[in-house]
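Given only the sequences and the hints, what does the whole structure look like? Please build it.
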Amino acid sequence: MTIRLPAAVREFGLPRILIAAFLVALFAVAIATHMSFAILLTDCIARVARNGILVLALLPAIQGGLGLNFGLPIGIICGLIGCVISLNFGVHGVAGVALAMGVGVALAVPVGAAYGWLLNRTRGQEMMVGTYLGFALVSGMSIFWLLAPFRNPTLVWAIGGKGLRTTLALTGIYDRVLDRWLQFDVAGVTIPTGALLAFLGLCFLVWLFFRTRMGITIAAARSNPRFALAAGISDERTRIQASVLTTVLGAVGIVVYSQSFGFVQLYTAPLLMAFPAIACILIGGATVTRATIAHVIIGTLLFQSILTTALPVTSQVIEGDISETARLIIQNGMILYALTRFGK
Amino acid sequence: MRARLGRWSVPILFAVLCLSGILVAKITPSFLLGEMMVRVGRNSVLVMALLIPILAGLGLNFGIVIGAMAGQAAAILIVHWKLAGIVGFGAAWLLATPIAILLGVATGILFNRAKGREMVTGLIAGFFANGLYQLVFLFALGSLIPFHDPDMLLPQGNGLRNTIDLTGIQYAIDDLVRVQIPVEGRMLRVPVVTYAVVAGFCVFTVLFLRTRLGQQLRAMGQDDHVAAIAGIPVERNRIIATVLSTVFASWGQLLFLQNIGTLNTYNSHEQVGMFAIAALLVSGATVSHATVAQALLGTVLFHTLFVVSPLAGKALAGDAQIGEYFRVFVAYAVITVALVLHAWQAKKGKRTA
Chain A
1 MTIRLPAAVR EFGLPRILIA AFLVALFAVA IATHMSFAIL LTDCIARVAR
51 NGILVLALLP AIQGGLGLNF GLPIGIICGL IGCVISLNFG VHGVAGVALA
101 MGVGVALAVP VGAAYGWLLN RTRGQEMMVG TYLGFALVSG MSIFWLLAPF
151 RNPTLVWAIG GKGLRTTLAL TGIYDRVLDR WLQFDVAGVT IPTGALLAFL
201 GLCFLVWLFF RTRMGITIAA ARSNPRFALA AGISDERTRI QASVLTTVLG
251 AVGIVVYSQS FGFVQLYTAP LLMAFPAIAC ILIGGATVTR ATIAHVIIGT
301 LLFQSILTTA LPVTSQVIEG DISETARLII QNGMILYALT RFGK
Chain B
1 MRARLGRWSV PILFAVLCLS GILVAKITPS FLLGEMMVRV GRNSVLVMAL
51 LIPILAGLGL NFGIVIGAMA GQAAAILIVH WKLAGIVGFG AAWLLATPIA
101 ILLGVATGIL FNRAKGREMV TGLIAGFFAN GLYQLVFLFA LGSLIPFHDP
151 DMLLPQGNGL RNTIDLTGIQ YAIDDLVRVQ IPVEGRMLRV PVVTYAVVAG
201 FCVFTVLFLR TRLGQQLRAM GQDDHVAAIA GIPVERNRII ATVLSTVFAS
251 WGQLLFLQNI GTLNTYNSHE QVGMFAIAAL LVSGATVSHA TVAQALLGTV
301 LFHTLFVVSP LAGKALAGDA QIGEYFRVFV AYAVITVALV LHAWQAKKGK
351 RTA
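Top to bottom, those sequences are chains A and B.
Heads up, the first sequence is in the numbering used here, so the first residue is 1 and it goes up one at a time.
Heads up, the second sequence is in the numbering used here, so the first residue is 1 and it goes up one at a time.
Derived by calculation from the structure, the hints in this document are not laboratory data.
Heads up, some of the hints might be wrong.
Computed list of lysine to aspartate or glutamate pairs in DMTMM-like fashion (alpha-carbon distance at most 20 Å, straight line) [to be verified]: (1) B:K115 - B:E35; (2) B:K82 - B:E324; (3) A:K162 - B:E35; (4) A:K162 - B:D223; (5) B:K26 - B:D319; (6) B:K115 - B:D223.
Written out as C-alpha cells, the structure reads:
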C-alpha cells in the first residue's frame, strides 16, 4: 500500500467504513422518500435475530484454525433433519423447536467429528474441501428428501404420496414461536424477544466457552500449534472440537432460522447459505484466522440491515430488483478481500 | 500394477456406472451416439481451458466462469450489431478475446495475492464477477450505457431480457461443412469443423507445453520456489496461465452457445466451471496433473452420465427428478473426492519429505 491511511481508519477497516456508509445512505434515501422507518427497523431486527446463530456458528471454526467454514451446510442439513422429524411427529410449539434442535444437535456431534477428522487430513485445503463437501451433501440429501420414508400427508407431495415438499410451512405448528415469545413494541418497532435472546444467549455461551479450559486450548492450538503441542495440546484434537462446535451451532442456527422464517426449506435451499453468513462475520471485522463475538454481532447487524433495506429502498429509485445484485457484489467482494489478505 | 489400477479406478468406476445406466434405461446406441456427438463437441474446449493452470500449479481454475462471461458479452454485442453466420461467430471470438485478456489479468493478479488458495479464490471470484455482470447487463445497459434495442431490452428500457436469441450464429461452426449421415431414419448432424477446432486446441496445448514458456509453467507446477530461484518469473507466468485459461474459456463458451442457439443471459455461465471441472476429474486427472487425453476422455464419460442418469432414474424409480439430483450429486462428489485426495496426498508428501 502506497497510501497510508490514518490509524483510526485502518483499525476499523476500510471495507467496514464503506459498508457502513452504504447503509447510512440507504437509510437516508428511506427517510427522504418518506418510508416507514419503524417497519424497516422491525424487519432489520427480525433478520438479525433470524440469521445471527448461523453467523455465530462460523466463529469456532475460525478460532480453531479451520478458516472460513464454507461447509456450514453440513450443520444446516443436520438441523433440517431435526425439523423434518419433529414435524413428522407433529410436535407443536416450543416443544417442537426443542425436539428439532435436540435431534439436530445429536446428529451434528458425530457428523461434525467426522468433518473435523476429514479436515485434519486435508490441511491447507479446508475451505475448498468444506465448500464441495457441503455442495455434495446438499445434493445427495436432495435424493434423500425425495426417497425418505416420511408419510405424514402435511409434509409429502399431495400427488403420489411420497417425497418431501420443497418448502414445509410451519403455520400453526411452530411458526415464529421463539420470535413471539415476550415480543413487544417500542415506537412501532417490534422486538422479537425470544429469537434475539436465543442469539445473544448463545453468543454469551460461546464467549463463556472460549474462556473455559477447552475453549482456551482450541484458540491456543490455532495461534501456535507447536507451542500448544509442547504444552500437551494436540491440535488434531482441538480442530475436531472446533468442527463439532461449528456444526452443532449450524444445526441450531437453521432451526431458529426456519421457525422465524415460517418455512423449512429443503432440497437445494441450503446450498449457498454459508456465503452470506461468511460475509457477515467478515464485514464485522473478522479475518480468516481471528474472530470475536463482537465481529459476529456487528457484522450481522450491518450486512443483514443492508440486505433488508436495499430492496424496499432501491425500488423507490431504480426499476428492477438491484438488491440481489448488490448482495452478490458486497458478499463475494468481502470474501475475496479477506482471502487475499490473510497470511500476510 | 497396483498404482496403474489406482490411476484408472475413477474412469473405470465411471464407465461401469454409465454402462449400467445405459442397460437399465435401455438406451439405443444411435440415440447415445447422436447425443454424445453434440455434447462432446460443444463442451471439450471448456474442459481444455482448465489444463494450463493445472500444469502451472494453480490447481483447478474455478475462475473459467469469468471467461464464459466474456464470451457471452461478445455474443450479446454481435446480436446487437446483427452479425450472423461464420462472420458473426468470428467477430464474437475476436471481441471476446480482449475482454477475456483483461479479466484474465485481473484474475491472475488476484490469484497471486491469494497464493495457496487459488481454487477457493477462483470460485468466489466467479460469484463476484457474476454480480458485476448482472450490474452491467441488468441495470447499467440502456440506462448508464447508451444502448437502444427494443428486441433485446426489457420493457422498461434498461437491462437485457432473460434469453437472447442466437439463431444468427447457431450452427455457424457445426454446419460450416455440412455433413449429415442418416441413422435409423433421422439425419444425424456431424459437426466436422467443431471437432477440427477441438483438435486444434488439443494440438495447441500439446505444442505450447513444449515451448520455453510451457516448460517454465511445468517447472512452476513441480515446485514454485525452486522455479523462482531458477530465475523463472513466477508471478508473471501465473498471470499468463490464467489469461490463457480465461481466453480459452470465452472461446469455449461461444462454441457451446453456437450449438445451443439461445443465451440464457443470467444463467448460461453459472455452472460452466462446475461441469467442466467435474468432467476433467472423472477421467482420473487430479488437481496437479492432467493431460489433453484425460480432458477428452473425461468429457465423454461425464456427458454420457449426464444423458443417461435422468433416463436411468426414470426407469429405476419412475422419477426423472432423482436422476437429475443424482448427476448434480455426482458432479459435486467427484470434485470433493478429488480435492480430498489431493490435499491428503500433499500432506503425506510433506510428512515423508
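Hints, verified against the model:
Taken as a hint, the K115 of chain B and E35 of chain B pair is broken in the structure, with Cα atoms around 40 Å apart against an allowance of 20 Å. In summary, the hint linking K82 of chain B to E324 of chain B is not supported, as the alpha carbons are separated by about 36 Å, beyond the 20 Å threshold. The straight-line distance between the Cα atoms of K162 of chain A and E35 of chain B is roughly 32 Å, outside the 20 Å bound, and the hint therefore fails. Distance check on the hinted pair: K162 of chain A and D223 of chain B sit about 54 Å apart at the alpha-carbon level, beyond 20 Å; violated.
The straight-line distance between the Cα atoms of K26 of chain B and D319 of chain B is roughly 16 Å, inside the 20 Å bound, and the hint therefore holds. Under the criterion of a C-alpha separation no larger than 20 Å, the hint pairing K115 of chain B with D223 of chain B is consistent with the structure, at around 13 Å.
In this structure, the hints that do not hold are numbers 1, 2, 3 and 4, in rising order.
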